[in-house]
Amino acid sequence: MFKIKLYITFLILFLSGFKLLAETNDKKDSIIIFRIQIAASSKRSDLEIIKKNTGLNEPIIVDFDEKSRLYKFMIRSFPTFDNARNFLDSLHQNYGAFIVMYLNQNRQTEKVMDAYVLTQGIEIDSNQRIIRRIVKETVALEKVKPATINIIKSKTVPATVNKAEETYPHPKNIFESTINLMDKIKESILINVNNLDIAQETNSNVSYFEIMIYVLLMIVLFCILSIITLILLLFTRRIVQNFTSSRNEEYEKKLQEDLVSFLFYEESTATLPPTLSKVNANYKRKILTDKILQLYSNIIGSAAERLHVLYTKQGLDNISIENLKRSRWSVKAVNINMLSKMNIYKAVDKVSGFLNADNYVVRKEAEVAMVNLDREHPFEFLNNKTLPLSDWEQMNMYDALIRNSIKPPEFSKWLNSTNDTVVMFSLKMIRMFRQNDAFEKVLPLLKHSNENVRYQAILTTNAFRKDESVKHLIDMFTNEDFRNKEAIIRGIETLKKTSNIEFLKDLIFNSEMQIKIEATKAIASIGIAGKRELQNMLNTLNDEQIIEVIKHVLDKRNE
Amino acid sequence: MKILVCENNEILLKAIEGRLKLEGHDVITTMNGREAYNFLEKEKVDVMITDILIPFISGLELIFFVRNQFKYDFPIIILSKLNNMDTIKYAYRLGADEYITKPFDPDWLEVQIKKAMINKSLNTKEIKVDISENRYSLS
Numbered sequence: 000m001f002k003i004k005l006y007i008t009f010l011i012l013f014l015s016g017f018k019l020l021a022e023t024n025d026k027k028d029s030i031i032i033f034r035i036q037i038a039a040s041s042k043r044s045d046l047e048i049i050k051k052n053t054g055l056n057e058p059i060i061v062d063f064d065e066k067s068r069l070y071k072f073m074i075r076s077f078p079t080f081d082n083a084r085n086f087l088d089s090l091h092q093n094y095g096a097f098i099v100m101y102l103n104q105n106r107q108t109e110k111v112m113d114a115y116v117l118t119q120g121i122e123i124d125s126n127q128r129i130i131r132r133i134v135k136e137t138v139a140l141e142k143v144k145p146a147t148i149n150i151i152k153s154k155t156v157p158a159t160v161n162k163a164e165e166t167y168p169h170p171k172n173i174f175e176s177t178i179n180l181m182d183k184i185k186e187s188i189l190i191n192v193n194n195l196d197i198a199q200e201t202n203s204n205v206s207y208f209e210i211m212i213y214v215l216l217m218i219v220l221f222c223i224l225s226i227i228t229l230i231l232l233l234f235t236r237r238i239v240q241n242f243t244s245s246r247n248e249e250y251e252k253k254l255q256e257d258l259v260s261f262l263f264y265e266e267s268t269a270t271l272p273p274t275l276s277k278v279n280a281n282y283k284r285k286i287l288t289d290k291i292l293q294l295y296s297n298i299i300g301s302a303a304e305r306l307h308v309l310y311t312k313q314g315l316d317n318i319s320i321e322n323l324k325r326s327r328w329s330v331k332a333v334n335i336n337m338l339s340k341m342n343i344y345k346a347v348d349k350v351s352g353f354l355n356a357d358n359y360v361v362r363k364e365a366e367v368a369m370v371n372l373d374r375e376h377p378f379e380f381l382n383n384k385t386l387p388l389s390d391w392e393q394m395n396m397y398d399a400l401i402r403n404s405i406k407p408p409e410f411s412k413w414l415n416s417t418n419d420t421v422v423m424f425s426l427k428m429i430r431m432f433r434q435n436d437a438f439e440k441v442l443p444l445l446k447h448s449n450e451n452v453r454y455q456a457i458l459t460t461n462a463f464r465k466d467e468s469v470k471h472l473i474d475m476f477t478n479e480d481f482r483n484k485e486a487i488i489r490g491i492e493t494l495k496k497t498s499n500i501e502f503l504k505d506l507i508f509n510s511e512m513q514i515k516i517e518a519t520k521a522i523a524s525i526g527i528a529g530k531r532e533l534q535n536m537l538n539t540l541n542d543e544q545i546i547e548v549i550k551h552v553l554d555k556r557n558e
Numbered sequence: 000m001k002i003l004v005c006e007n008n009e010i011l012l013k014a015i016e017g018r019l020k021l022e023g024h025d026v027i028t029t030m031n032g033r034e035a036y037n038f039l040e041k042e043k044v045d046v047m048i049t050d051i052l053i054p055f056i057s058g059l060e061l062i063f064f065v066r067n068q069f070k071y072d073f074p075i076i077i078l079s080k081l082n083n084m085d086t087i088k089y090a091y092r093l094g095a096d097e098y099i100t101k102p103f104d105p106d107w108l109e110v111q112i113k114k115a116m117i118n119k120s121l122n123t124k125e126i127k128v129d130i131s132e133n134r135y136s137l138s
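These protein sequence lines map, in sequence, to chains G and D. Going by numbering that gives the first Met the number 0, the first residue of the first sequence is number 0, and it counts up by one from there. Going by numbering that gives the first Met the number 0, the first residue of the second sequence is number 0, and it counts up by one from there.
Please keep in mind that the hints were generated in silico from the structure rather than gathered at the bench. Treat each hint with caution, since some may be false.
As the list claims (entries may be wrong) - With a Cα cut of at most 16 Å, we get these calculated EDC-like pairs of lysine to aspartate or glutamate:
| hint | chain 1 | residue 1 | chain 2 | residue 2 |
| --- | --- | --- | --- | --- |
| 1 | G | LYS446 | G | ASP474 |
| 2 | D | LYS20 | G | GLU256 |
| 3 | G | LYS252 | D | GLU9 |
| 4 | D | LYS20 | G | ASP257 |
| 5 | G | LYS427 | G | GLU392 |
| 6 | D | LYS101 | G | ASP398 |
| 7 | D | LYS20 | D | ASP45 |
| 8 | G | LYS253 | D | GLU9 |
| 9 | D | LYS80 | G | ASP398 |
| 10 | G | LYS290 | D | GLU9 |
| 11 | G | LYS285 | G | GLU251 |
| 12 | D | LYS20 | G | GLU265 |
| 13 | G | LYS252 | D | GLU16 |
| 14 | G | LYS345 | G | GLU321 |
Chain G on its own, in the form it takes in the complex (with noise of 0.2 Å):
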């Protein structure tokens, strides 16, 4: 969170430095002023001759243009196009003086302004900045403001030359020179506006590379300054978890001495060493807590009690209790195994809470914490479990009974569960026990609608070796699947009864040879009596694949 809030306060700033760059320029474009020009001349000296036939008495401004090579006479500078053509409106005069712009004290109208073409108008933003400007022919003089110029692109060119010399006649008295030059000029106009959009285009072209300049210089410092924030922030992690590391490392080490010498050299648990007795922080809490459970999972007796002792002396029992109230399932399930492991009976009915989690880690480690904290009732929480019993699960309630030595209750209560796999898991608890006095209530289960449940019914009823199981399990063998059958043949075979002997007969004659297999093989482990049985069957028999099977069934070299 804090990286992001850091990055955005980069993009922010850098933002703010394009904004500041992009206003500079701006402001470096915006100077721009407006002049009169009265005359043109290949001779600087002529500036007399101008004053005089122009009747004016105003400081001239001279302009040398290189490629024309004529000296431009101009008078005044105006701030915008309306002052500068009130001004001229006022000369009343007939010299053809017009009105040329400066951009940067550049001269804008260099070839196309002369007596005859105006800038019919520019287009700028609200910083002066000029986007476009366009230059027309022989387009009369209309008052245009700034603010509304932006008009040009739909605009037709309304005149004409004939138009433009009514409203700006040809100047007739004015020397001779200059008069042949703006001829030339005017005879050139049309190729003049052509080559000042190409111009001007040039110059947006300029602009836009300078733009693109500072946007790559703002990327590269945004890259830059991000890549030193990347080693700041890494420095300083690296910084904090050095000394975290350092500080744990430190602690671990007093407290692992602390914890031995509390173990198996003090007296009593009455006194506890400083680093076990003052356990304030967080860090300090939680390696305590770590090495009590690794020490109290790996030893039993005297130091185990005494680490019991420490666990509750310390209030980490009920730190756990108040961490299974946290809404991460993680911490839930991690505190659940700690008191599970650490043996905090009073905790059950908060563990009880979790049996129907959602979430299948703390819904596992409720199930087993209950085997362990629930000593009188350890599966009680069976009665009402609707979720399905992995066979995780079921592995770790196993072991936690094995682990903790505890006494397993009659698992023949859980036979008619509606969960199928809490009945599975009961029928191989009773299988696991030798609960033999479940066997009655087994036999039901043989007809049981789950092939999964019937399963296991088989497998346990094989387990108690009952000769009245026979019965039952020769019943259902035919509608059974391969796995369930071989079962069966199993189980009969582990009873070694001749009277088995036919049934196990008929089913070398089955369809599928696995079933053969196994049933002469069933036989064969009967005894005497099987073996002669098998023999009888190879003498008088024609089918090659049976009189295989039993050869080699009855083969030494494969007993």
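Using the hints, position chain D against chain G.
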């Protein structure tokens, strides 16, 4: 008695060390099989206690090296969470003398060490019985 303990759980290693030192033993601790191997290359100990699942060289491999490479005959006690019969049998076959499964009682460790020592002596040395004083000794 010089005892080499090889256990990768640090706190448990400290606990075993503490408990054995309490009995006055000289305890050398290592947290992986390679450290133990390197130590045994240089020195012999009186008893070795090792876990099976340790880094670099497993406890079972360590037994193999002790018995076949270094040709040491000191008692080796396995201290492991592995509780299956195949592993236990394999450990004995390699040359382990005792197999203790975790969780274990540290107070019983001393008894197990003595038991392993006596078994080793019985297997390798003659028992001299002094009938007159009604006691026996190992030589």
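These are the hints, each one checked on the structure:
For the hint pairing LYS446/G with ASP474/G, the CA-to-CA distance comes to about 10 Å; that is within 16 Å, so the pair holds. With a C-alpha separation of about 13 Å, the suggested pair LYS20/D and GLU256/G falls inside the 16 Å cut-off, and the hint holds. Proximity of LYS252/G to GLU9/D is assessed by CA-CA distance (about 10 Å); at most 16 Å being required, the pair is judged to hold. Note on LYS20/D and ASP257/G: the hinted pairing holds, with a Cα-Cα distance of about 15 Å set against a maximum of 16 Å.
In summary, the hint linking LYS427/G to GLU392/G is supported, as the alpha carbons are separated by about 13 Å, within the 16 Å threshold. With a C-alpha separation of about 14 Å, the suggested pairing of LYS101/D with ASP398/G holds against the 16 Å cut-off. Annotation: proposed proximity of LYS20/D to ASP45/D holds, straight-line Cα distance about 14 Å (limit 16 Å). Distance hint between LYS253/G and GLU9/D is fulfilled; the C-alpha atoms sit about 13 Å from each other, no more than 16 Å.
Of the pairs offered as hints, the one joining LYS80/D and ASP398/G holds, with about 13 Å between alpha carbons and a cut-off of 16 Å not exceeded. Distance hint between LYS290/G and GLU9/D is fulfilled; the C-alpha atoms sit about 9 Å from each other, no more than 16 Å. For the proposed pair LYS285/G and GLU251/G, the alpha carbon gap of about 11 Å is at most 16 Å, so the pair holds. Taken as a hint, the LYS20/D and GLU265/G pair is honoured in the structure, with Cα atoms around 14 Å apart against an allowance of 16 Å.
Taking the CA atoms of LYS252/G and GLU16/D, the gap is about 14 Å. The hint holds against a cut of 16 Å. For the given pair, LYS345/G sits about 13 Å from GLU321/G by alpha-carbon distance, which is consistent with the 16 Å threshold.
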